[in-house]
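Chemist: Now for the letters of each chain:
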Amino acid sequence: MSGAIGCLKKEGAIRIVQGGYVEATGSPSPMAESLRALLRDLRGSSRELDSFPEALRRVIEQYAVRRGNAQEPFRIDARIERRYLLTPQGEEAVQALAQQGPADEVSQLTPELLKDGTWRTKRFRKYTISLRPPRLAAGKRHPYREFLDQVKRKLVSMGFQEMRGPLIETEFWNMDALYMPQFHPARAIHDVYFVKEPTHARSIDEPFLTRVAATHRNGGRTGSTGWGYHYDQTRARRLVLRSQGTAVSARRLAAGPQVPGKYFSIARCFRYDQVDATHATDFFQIEGIVLGPDITFRTLLGLLDLFAREMAQAKESRFLPAYFPFTEPSVELHVRHPRLGWIELGGAGLFRPEVTSPLGVDVPVIAWGLGLDRMAMVALDIHDIRDLFSTDLEMIRTTRSHF
Amino acid sequence: MPTVSINRKDFEELVGQPVPDDQLAAWLPLVKGELKEQDSKTGNLRIELQDSNRPDLWSCEGIARQIRIKLAGAPSPYPFFKSMKRPTHRLLVSAGLEHVRPYVAACTAVGYAVTDEGLTQLIQVQEKLSDVFGRKRHTVSIGLYRLPQIVFPVHYGLVKPDEVRFTPLGFDEALSLREILALHPKGVEYGSILAGHELVPLFRDEAGHVLSLPPIINSREVGEVRVGDRELFVEVTGTDLRMVVLTLNILAVNLADRGAAIKPVEVSYPSPTPLGKAVQTPLDFGKPQSILIETIETALGQPLGAKQMQAVLRAYGYEAKAAHNKVSIKLPPYRHDLMHAVDVAEDVAISLGYDRFTPEMPTQFTVGSLSRLEEISDRIRDLMVGFGFQEIISNILASRLELVERMRLGGSEWDRLVEVQNVMSKSYACLRQWITPSLLRVEAASSRSFYPHRLFEVGEVAVPDPTDEMGSRTLTVLGALIAHAGANFSEVHSCLDLLLFYLNQPYTLEVMSHPSFLEGRAGRIVSEGRTLGLIGELHPETLEHWQVSMPAVAFELEIDALLREG
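Going down the list, the protein sequences come from chains A and B.
Per my numbering: the first sequence = residues 1 to 403.
Per my numbering: the second sequence = residues 1 to 566.
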């Protein structure tokens with residue numbers, strides 16, 4: 001409103017008198033006339049802006065809707081016209097295509113096309129290469145096995161020989177030879193799986209049975225007091241599912257190991273446990289021995305230091321006193337894992353003379369074991385130990401390892 | 001390994017100084033302890049103790065004692081072990097107990113008013129010692145009583161289960177011994193220890209009052225220790241004399257640490273025991289022994305010398321005296337875990353602290369290698385991956401349903417398995433005798449994953465073999481399976497053929513009837529008359545059993561057999 005009054009005053013069609021009243025002067029307003037004529041002409045229809053004379057175009061532009069002012073009688077719609085022309089090269093291409101005549105479009109290059117050269121007459125359909133490709137049913141190692149393979153390679157590179165043993169063991173090799181007394185709590189029915197049939201092995205190799213029996217009874221020739229109980233030779237033949245990889249080490253010691261020697265096994269073991277996210281019914285234990293005249297408690301710590309660096313890339317590690325029935329002194333190795341914080345990486349110790357001497361070994365022997373499943377789970381980004389042996393092919397196909 | 005609960009305030013009183021967190025962490029290695037939980041409000045700590053041969057540590061008193069000794073640099077004196085006076089209190093053992101529960105040890109503890117926390121610890125150590133060390137009360141069990149109500153001598157005798165009645169702890173009325181064994185929760189739990197005996201053991205005092213039915217339950221009247229009690233009678237019974245005496249020794253030093261005066265009791269047996277006919281308990285039955293210092297230094301790889309050796313051992317509770325190249329040692333009376341010099345070596349290392357030893361690399365050169373079996377297994381795995389197969393790892397334990405019934409092997413020559421006697425779950429009751437069921441287990445779970453499926457596993461199986469010393473053999477086997485709409489014999493045969501070509505292993509296929517496979521589409525892989533494995537198209541009924549809705553073909557190859565021939 002104030003805009004309209006301003007305009008009429010400028011044209012002299014009105015004037016403002018005392019008291020703020022507006023008064024017509026009697027002179028005409030060219031602007032008002034133009035607007036009236038335009039509104040009459042257009043009456044809500046639209047017309048090309050260029051078809052108006054310059055003067056009216058100005059009026060329309062002045063009273064057109066624009067940003068910040070929607071209350072105007074006119075609206076100017078911008079309409080852009082584009083024209084496309086062939087470039088000189090385009091003109092040439094048209095000429096060339098016209099000369100060749102129409103060509104087939106094909107999607108696949110075939111041996112036939114290559115053989116007779118007719119690919120020259122074909123046009124190859126262009127692809128949208130940004131689309132996701134179809135999935136490949138590829139051959140691949142199992143991610144957990146890849147992890148174990150890497151462990152295996154590391155151990156071999158550090159001078160360890162692989163050893164193997166049976167899944168089904170006698171209590172003798174699984175426990176007695178390791179100086180675990182037959183009344184040891186961990187030997188009860190609730191910790192070990194017993195074989196249903198046959199229940200017992202036919203015999204245990206001599207002289208090991210006699211020597212181990214004597215060692216349990218009164219120390220035998222080991223310089224030990226022994227456990228001081230009646231050793232049951234029948235119980236020694238009882239068949240169990242191997243419950244610890246150390247059984248493989250015991251068999252190796254009895255079979256005459258190399259001295260100096262380093263050995264490892266990745267042995268499937270079984271524990272009588274309720275299966276859950278942290279307990280598997282059967283699992284791999286990574287265990288081994290190191291033997292030689294220079295082996296002491298300090299070289300044991302040195303070996304564990306090496307494992308901390310090589311197996312866990314740990315920059316920090318510490319040793320804590322531990323207890324295993326077959327070693328003395330015994331050590332637990334803890335390392336600082338970049339994602340898990342302080343974790344127990346393994347346990348180790350010097351085999352007791354009650355273990356080595358009856359098996360015919362007279363140099364000190366380190367027994368070591370590594371618990372790498374937690375590291376494997378981090379590397380494979382899984383949270384349930386059962387998933388290491390997953391039956392879900394989709395999961396196996398899509399698991400990537402980070403190690 | 002037992003886990004014990006202790007209260008920090010009580011613990012600090014026993015240690016004799018405040019124990020902040022970092023100090024606790026530094027001391028726990030002395031007892032092979034690991035802090036499992038702590039409640040900063042109540043001050044309760046849960047500590048796991050690893051050494052199953054150190055029952056003396058399974059209590060607040062025990063842990064505090066080991067630390068106190070370290071602080072003092074010398075063992076605590078317990079003079080009552082050296083008491084020369086004949087005890088005033090006697091305990092008489094009747095004939096016949098040698099066949100039931102032969103041994104007993106006892107003492108009195110006077111002058112310590114039982115506190116709340118002290119009672120909690122008494123109950124806890126009683127439980128840990130009789131449960132873990134005493135193998136659920138079989139070899140050792142413990143009874144605690146209010147001394148003023150007992151008229152000495154105490155009689156440890158045998159009675160008929162219907163002959164005597166008393167009111168057991170937790171009950172309001174008197175029951176016969178037979179009723180206690182049948183009805184009382186502890187009778188139900190531990191009654192089996194006395195099963196098969198016509199007469200059962202019983203403690204009665206001179207006045208005929210029943211103290212307890214060991215190892216089951218105390219009398220409520222005499223055998224209910226309460227906060228504030230100042231005079232206690234402690235007894236331990238069991239089947240192993242040294243374990244029984246050791247357990248009493250531990251209880252005695254625990255009570256002494258809390259301020260009680262321990263008075264020994266003389267136990268009179270009708271016939272001689274390894275410790276004599278009349279045994280005064282608590283009893284220090286440890287013997288001093290002499291060890292070459294060099295033996296320990298060699299084991300540890302570190303020279304220590306006589307003087308330091310003596311100091312370090314004393315700071316761990318030993319009586320030790322070093323002279324020249326030998327150290328004469330004796331364990332404290334509450335320990336009985338010294339079997340060999342290596343045990344002393346570990347105590348020396350723990351007393352010094354493991355961090356005081358500089359790790360040293362083993363220097364001797366050794367050549368690393370894989371077994372032949374592992375080498376060829378790795379080659380086979382590489383080839384199978386190259387053929388487009390996805391590797392699988394499976395549990396070796398499976399069910400008879402999976403290994404036999406679903407495979408249609410019931411009643412056939414392939415239905416024998418190595419089975420577990422103490423089954424935890426039917427799903428894990430048997431060891432697999434071949435790999436194909438493991439691969440079908442994956443197949444059954446994976447119909448959503450796009451086809452084709454080509455799976456393989458190189459793994460161990462257990463095959464029953466009556467001719468073997470152990471009744472079975474562990475074999476390493478390759479199993480391969482292909483499943484997709486067009487899977488057929490020739491496809492899987494091609495894989496086998498190429499694999500054996502690269503392995504330089506000639507073979508022929510012999511037609512075989514095998515219930516898991518379609519008749520006429522299964523064969524034995526044979527070389528020079530020896531079977532290496534089998535191959536075939538899985539029977540539609542096998543697939544139905546597994547709810548697999550794709551045709552599948554498979555082969556198995558015994559890798560051990562390849563080695564034997566090569």
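Since the hints were derived computationally from the structure, they do not count as laboratory data.
Treat the hints with care, as some may be off.
In silico DSS-like pairs for lysine-lysine, Cα to Cα no more than 30 Å straight-line [stated by the list, open to error]:
(1) 196/A to 426/B
(2) 136/B to 315/A
(3) 128/B to 321/B
(4) 186/B to 160/B
(5) 263/B to 287/B
(6) 136/B to 36/B
(7) 196/A to 136/B
Chemist: Evaluate each hint against the coordinates.
Modeler: We went through each hint and held it up to the structure:
1. 196/A to 426/B: holds (14 Å)
2. 136/B to 315/A: Since the Cα atoms of residue 136/B and residue 315/A sit roughly 44 Å apart, the hinted pair is violated (cutoff 30 Å).
3. 128/B to 321/B: violated (34 Å)
4. 186/B to 160/B: holds (19 Å)
5. 263/B to 287/B: With a Cα-Cα distance of about 22 Å, the restraint between residue 263/B and residue 287/B holds, given a limit of 30 Å.
6. 136/B to 36/B: Given pair residue 136/B, residue 36/B holds - Cα atoms ~24 Å apart, limit 30 Å.
7. 196/A to 136/B: Between residue 196/A and residue 136/B the Cα gap is close to 26 Å, so the pair holds against 30 Å.
When the structure is compared with the earlier hints, violations turn up for hints 2, 3 and for no others.
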